[in-house]
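Visitor: Following the hints, complete the assembly by docking chain B onto the known chain A.
Number of protein chains: 2
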Amino acid sequence: MSLLVDRRDLDFQLYEVLGIDDLCSLPRFEQHDRSTFDAVLESAYQLAEGEFAGHAAQLDANEPTFDGERVHIIPEVKAALDAYIEGGFLGAAFDEEVGGLQLPYSICQALAAVFTAANVGTAGYPFLSAAAANLLRVVGSPEQQARYMQPMIAGRFFGTMCLSEPQAGSSLGDIRTRAIAQTDGQGEGKYRIVGNKVWISGGEHDLAENIIHMVLARIEGAPAGTKGISLFIVPKFLVNEDGSLGERNGVRLAGLNHKMGYRGTVNTVLNFGEQDDCIGYLVGEPNQGLAGMFHMMNEARIGVGLGATVLGYTGYLHSLDYARTRLQGRKVSSPDPQGKPVAIIEHTDVKRMLLAQKASVEGALGLCLYCARLVDIQEASEDQAQREQAGLLLEILTPIAKAWPSDWCLEANKHAIQILGGYGYTRDYPVERFYRDNRLNPIHEGTNGIQALDLLGRKVVRGGGTSLKALLAEFSKTAEAAADYDELQEFSETLKQTVVTVGQTTQSLVAEAAGDADRFVANATSYLQMLGHAVIAWQWLRQALVAVQADAGHDTDRHFYAGKLAACRYFFRRELPAMELHARLVAQGEDSCLTMQAEYF
Amino acid sequence: MSLLVDRRDLDFQLYEVLGIDDLCSLPRFEQHDRSTFDAVLESAYQLAEGEFAGHAAQLDANEPTFDGERVHIIPEVKAALDAYIEGGFLGAAFDEEVGGLQLPYSICQALAAVFTAANVGTAGYPFLSAAAANLLRVVGSPEQQARYMQPMIAGRFFGTMCLSEPQAGSSLGDIRTRAIAQTDGQGEGKYRIVGNKVWISGGEHDLAENIIHMVLARIEGAPAGTKGISLFIVPKFLVNEDGSLGERNGVRLAGLNHKMGYRGTVNTVLNFGEQDDCIGYLVGEPNQGLAGMFHMMNEARIGVGLGATVLGYTGYLHSLDYARTRLQGRKVSSPDPQGKPVAIIEHTDVKRMLLAQKASVEGALGLCLYCARLVDIQEASEDQAQREQAGLLLEILTPIAKAWPSDWCLEANKHAIQILGGYGYTRDYPVERFYRDNRLNPIHEGTNGIQALDLLGRKVVRGGGTSLKALLAEFSKTAEAAADYDELQEFSETLKQTVVTVGQTTQSLVAEAAGDADRFVANATSYLQMLGHAVIAWQWLRQALVAVQADAGHDTDRHFYAGKLAACRYFFRRELPAMELHARLVAQGEDSCLTMQAEYF
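Chains as they are written, first to last, in the working numbering: chain A, 28 to 628; chain B, 28 to 628.
None of these hints come from the bench; they were simulated from the model. What you are looking at is a predicted structure, and each value in this text was computed from that prediction instead of being measured. The beta carbon of each residue, even a glycine, is placed where N, CA and C say it ideally should be. There may be inaccurate statements among the hints.
Said to hold, decoys possible - Derived Cβ-Cβ restraints for the label pairs, each shown as a range: (1) A/Q534 <-> B/V369: 29 to 39 Å; (2) B/R35 <-> A/P193: 25 to 35 Å; (3) B/G542 <-> A/Q531: 35 to 45 Å; (4) A/G77 <-> B/R35: 52 to 62 Å; (5) B/R55 <-> A/S360: 38 to 48 Å; (6) A/D49 <-> B/G542: 51 to 61 Å.
Stated by the list, open to error - Only part of the chain B face toward chain A is listed, based on derived beta-carbon distances under 7 Å: (7) W226; (8) S360; (9) T375; (10) G476; (11) F628.
Next up, chain A with everything else stripped away, as it sits in the complex (with noise of 0.2 Å):
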């Protein structure tokens, strides 16, 4: 079995649970059918082991240099990145006109998995391309998509997105970089761009012709805060009309962040127009640039999380196949020295350890796979509510899908190497570095702190909680189709309380900091967690409807299922009860955090 994703698994969410092959009856997907999703999902394996894994711990232990002129990138990234190129991966999502190849959003997200699990590193770049080209997609004129987001979905461009600022990482509206209006005659929508930015992952290096930096800044005279902030192309070569590449560009390399984990991709401190002259090409109107990050923005939220998960996903196999291989100790019950010692995984508080982390991976691998198909649905169906019904239930599961993964499956890759023992500690073995690895991901796409504000502060409340109501809904209508069945029972009851407690601790709250807005979010990391346990039982019951009704022919199939089951009722059993607590934190305005002066720490 691959130690990067269960295959098995991922076609039973895709096709089993999600029913992912009848977005095929959409005009937009359809000149695809499941097996040319199955081919393109088998080709992603076979490049992902043969040209991703191999080098992942080689290029963590040797990160990228920078000499003071260039960035050194060890070779081994640039051929597999030509290679995955080549298999048409970097252009999965973008439609055939513009050379893609028009997957649904639910299979790139599936192939994404695939790379991530094996070199997350490496992956990186493209990741970063692609997203800085679906910006373009949505918000660049068709001049600036053909000549800077073709390139880039061929692969000969490299793109970035440039938004946190030294002085404001978090807080977008905080940013200073400038844009000057240059009145050189030579067109409208050309500016002089002037400042720094931080945290830029793919900022520098020679994998391709050349980089397109997606800037925010803010034109001179722009309002404060967030709604003078507009959208730039900084290529670090300029492009000529014919698509030659013109002049160095004055955005400049000024340092390497070195990290903990995530080490392959570079990360860059840069600045623009700070020597020379940095020009920067406006896209869309003048100090609307959030409205359209925002949108890339959310794809890239559901990104995080399934990056967070696939890591928390590999760590649990590379445990799995040590937990049954490695003989050590005996049963409580079955102590005699001279008798043989068992594999690990048959002593409980091990099986506690791989269910708790096949339960966190295999439930938030269903969440984040959910929701890319909502993505899919939204954009491609032709049914208008059923687009908006789509939209509604993104809004609040966006958040969620990008804070849960990465607090549960980073819980997931300690569980992993706590399995491994003190091997696991070593850098002879993965798991330590898919632990480095995964705590970015609750930092970086707006920490998960932030994520809670979005959730509880603007879509819980907005349009008088229809998203909200809109997920409850769909809570219920899971429960009650489990109901019918035996095994189900006693989740599905649960699962109907769930949605009696997230509603009533919602009421609680309005009712309690109603007017007051900084008690109102006092306990939104509570709420985001309450929320977020709730959702993934409600996948977890999902999944567990459609192994109950499965025909399983052979052992290994009722294996599989057996153990959905399993995890199903360890999640309600042993993890979800969590919720509780937070809900009472929630309800009662539990304030010990609010009140907490900063000269008592």
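Guide: Frame of chain A, contents of chain B only:
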């Protein structure tokens, strides 16, 4: 303020809560008073800040290497250790007549806290050495003490513990290293040692003239399992009767382990008697090797808990320092982008992560120092009843003092990274290093899963549960005392309820799983988590009781005590309730993990 361990808090814990200066009324410590304790603490802070902290990051980035002949360690380590030995810290706990300072173990642990917080890698060498010397103090013959222990206390020799073998990590009963009695007429107790040991910290280096390995092995013909294990002294260089060094002994370095953290302490694989003869000297009686080792191991486990605590503690102080100075964002209630950003400590969710750290690290520090004081009482009190009582409490508290801090102060380190955001994820700040270092602590000196088995399978049931009863009686005493104060009423009531919960849960488990050993310990980890949270709540109420009675003369003190009360409140309201969930699982005999089948994964 020092960013190692808050000196104000250390004084609070040692003197205001534990009354450590009362130990000076015992004959063993009568030469000391608070002023000598203060002086040695002051000199520890100076040395730790001056010689240890400065090279911690450098040592992490430049871990020891092995060139096939020698181990190379950056020279700052030896310089720091020479100063440490010169300062008398290596022998702090030992009797004056063998060259020590004869300080209480409690004070020694406070010293260890300071050095560990400054540089866990460098501090590892003398700590291991002191532990090995302490083992000889307890089980060595006078001749062995003179020849090996005294040079260790003087810092001329260093020591190691050699327990684990490749095929027997946690399962000591399965070790295979052989001891073959020598019959060359040179006295009894001389053996030839043949085997392999792994995970030996400090197993090879040039930091001292000699290395004394304390090795577990089986004498030929010994019974299987733990009852056939003997303890041997295996010096790197044989030691002549006059104390001078003789021949190189046949213990050889086979390789180094490369770890995620704790990189500064060289960790080795050692071969004994593979190429050349390896001489070992029996310590104590044949087949009694584990008894002495376990005596030492109990202190080592408290030491691991303390190490985990202070890695969490220094991370907390670093993130607190950052949160006070980093300006970013605005209150949710004052979003005006023209307004000034606030220090992030003003954000409620940042306060939450600071309080979570404070509650964990100061609660855990209280527990570890409480245990250290029990060690002092057990070893130095003249009152037999008091010694026995201390022994009972130590028995049940030791697995908790090892496991709880290593779980929750690692979690604290996670929060510290989160507060620093992207910066926290870089190697420019130390918080990621603390997180990597601290990940070892749930693994070594008995994994936390093994601590849970030790707690529930041995300590809770032994002697009809007298240890648990003694502990719960202490809870009740504290709850009673707290009932006199309005501010503590709520917590007093909760702790009383906790006593009931622990008692009932234990009874339910005994009733439910009697006679089925596997079932009895199936939820051992939940039991440990339940009791662990209860113990920390009790520790917090002890601290709050002092804080509420304290006479705060000036603002600094007033804020300090207010912080103690706020952290106590945070822990009781937001963390302690998790124990209910664990108690429920234990009482119900929840069996998801027990019944999971290996083939279902």
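Visitor: All the hints need checking, so say for each whether the structure fits it.
Guide: Going down the list of hints, with the structure as the test:
| no. | hint | verdict |
| --- | --- | --- |
| 1 | A/Q534 <-> B/V369: 29 to 39 Å | holds (31 Å) |
| 2 | B/R35 <-> A/P193: 25 to 35 Å | holds (33 Å) |
| 3 | B/G542 <-> A/Q531: 35 to 45 Å | holds (43 Å) |
| 4 | A/G77 <-> B/R35: 52 to 62 Å | holds (58 Å) |
| 5 | B/R55 <-> A/S360: 38 to 48 Å | holds (44 Å) |
| 6 | A/D49 <-> B/G542: 51 to 61 Å | holds (54 Å) |
| 7 | W226 | holds (5 Å) |
| 8 | S360 | holds (4 Å) |
| 9 | T375 | holds (5 Å) |
| 10 | G476 | holds (4 Å) |
| 11 | F628 | holds (5 Å) |
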